[in-house]
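One line per chain: the protein sequences are G and L, in this order.
Residues in the first sequence are numbered consecutively from 46, following this note's numbering.
Residues in the second sequence are numbered consecutively from 46, following this note's numbering.
Hint data in this document are derived by calculation from the structure and do not stem from the laboratory.
Errors might be hidden in some of the hints.
One copy or any two copies: either way a pair holds, since identical chains are not told apart in the list.
[What the hints assert, rightly or not] Restricting the straight-line Cα-Cα distance to at most 27 Å, the calculated cross-link-like pairs of lysine-lysine (BS3-like) are: (1) 360 - 339; (2) 360 - 249; (3) 360 - 222; (4) 168 - 129; (5) 360 - 197.
2 protein chains.
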Amino acid sequence: MSDSEVFDVIIVGGGPAGLAAGLYAARDRYRTLILEKNGLPGGQIMLTGDIENYPAWEKIAGPDFVERQKRQVQTFGGEIEVGKSVGKLNRRDDGLIELGVNNGKETYLARSVVLAPGSDYRKLGCPGEEELRQAGKVSYCATCDGAFYRDKHVLAVGGGNTAVEDTVYLATRFTKKTTIIHRREEFRAQKVLVEELYRTAEEKDLDIKLPCVLDEIVPTDDGARIDHVRIRNVKTDQVEDLKVDGVFIFVGMIPNTGWLKESLPLDRNGYVPADPLTMKTVMPGVFVAGDCRKSAAMQLATACADGVVAAMQIKEHFRDPDAWGHSTDQPQTGGW
Amino acid sequence: MSDSEVFDVIIVGGGPAGLAAGLYAARDRYRTLILEKNGLPGGQIMLTGDIENYPAWEKIAGPDFVERQKRQVQTFGGEIEVGKSVGKLNRRDDGLIELGVNNGKETYLARSVVLAPGSDYRKLGCPGEEELRQAGKVSYCATCDGAFYRDKHVLAVGGGNTAVEDTVYLATRFTKKTTIIHRREEFRAQKVLVEELYRTAEEKDLDIKLPCVLDEIVPTDDGARIDHVRIRNVKTDQVEDLKVDGVFIFVGMIPNTGWLKESLPLDRNGYVPADPLTMKTVMPGVFVAGDCRKSAAMQLATACADGVVAAMQIKEHFRDPDAWGHSTDQPQTGGW
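Bound-form chain G, shown alone (with noise of 0.2 Å):
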């Protein structure tokens, strides 16, 4: 493989984050290459109809938002391959990183990467939730989209950490009522979250609806609306159908980095650590940006930042490529 094959940069993943790094990169001129798996860029906010938290986009589509980062890595320069699912990722003895490809039947080959495969909500697959997610009446996120179901009645399903902290926060910020179902007949989230969501429940109009599960979410006969959801619960087998106007699927995440465990440590949930003012993961020449790192917030704007950070730090590392590790003032040194 000659050198004029060998990527600057080489991002893994064209969501957001991806996009946002393959801009800051290509405007650097690098020769920047983003390899996305689908047929499209995008990622998981192509699923998503209307943005109004992105500082600046008043309201804004998801697929508009991706076509607009899109044609801004173009305009620099930055090359977007999409189909190209990576598979390795590999540090060579001469510094180079080596990306298989499709199985392996292609080898990308960099002087840096930054990972940003993003993470996936975890469905439930019952009947109606994608049908009703396409019409913008399920949502997985609350921060995101609580405030569009202001004085409204809305069922959250889960019973993690999530799921109750943030039916607390859909219940005393936004919601006329909410309904709160898990499969077990008791919460696995953290005690004190626990009590704080039965402590809800006497002050705002909440029910807490234990063992059941979501058996279906029956549209409205035009389809754009939840006509009502039915529910079970699974010791008595009663059924229920309640008239609610969303959904709120709290069920986990699904970071997209099975394929990294070779080659990098992961938290247990399968997120890549990495330094959060430098986005170094612990492979010299490799960043990580967006919803797979560990601790990330998860929103729009700070996927973006996420990517912008690792880009700068690119010329960083090209101008020492022995001087990897921890940033001079990271908290671990300086203390903060």
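Following the hints, complete the assembly by docking chain L onto the known chain G.
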């Protein structure tokens, strides 16, 4: 002062970081107030013409960006008061944060505070600097504006790390010719950076002129461009005129944090240390966001993300005000 006069969150500074925090806090239906010292919100970015590196905005002017952010905040009921210069920060025994405004003439109370006063670029103060900054030909940020000088001749001014580092960046990534001047006979920057500068001068069209100062930036007759710059050797008093397309002034930044000295620990340059995962300062209830934060990346996207992260932490803080401290998966404790 009655409870109704206590804000859930007061944000000090109406620049991009403060407005982004205001968007998230107001959208969470917290009673949110932004205090801006100037007659208009926006801060430093108001002085920027073309922004082309904010993700999903291919081209936008600073004032337009701010106007959009402002409308976003107000859409969700966030309040913005201008002409309010905060000069004092104090946490009362009851946990509320007290802000002294306009030399103590007014006092504001809040359950939480986001400090986003920003930083200002240090100016040279030479004739033509302000006029040609307005014309977009004098810049203080290479990452922001380097790409506008592809194949052009620019003058860089300064002798510290940023000056030397960013001059190399300009010379190697963008410009056709670069001249750097510094008023002393030696650069103040780290040795490794200075060595790289001299190495770059051998490979690229880069002139290093010491000890020289910039006496004047002379505009073309229409005021739209730089006709030439006049530099002077302070040892020989010899004057030289150079034809350049742009001037980059790298003589430091001044965080707007002097008023915080008695309330919070600042680093030696005046920046506010914070947990980079939560934006928490050491004072319970007080967060920091944007360019005044220690280790901030000083980009529009990263300032906005700071504001988002700080605002998302407010509800965590209200849940358990006594739990203030490092985030559970802080780099210090969990490793990264």
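Tested hints:
no., hint, result
1, 360 - 339, "both (24 Å within a copy, 21 Å between copies)"
2, 360 - 249, "between (53 Å within a copy, 17 Å between copies)"
3, 360 - 222, "between (52 Å within a copy, 20 Å between copies)"
4, 168 - 129, "within (24 Å within a copy, 48 Å between copies)"
5, 360 - 197, "between (50 Å within a copy, 21 Å between copies)"
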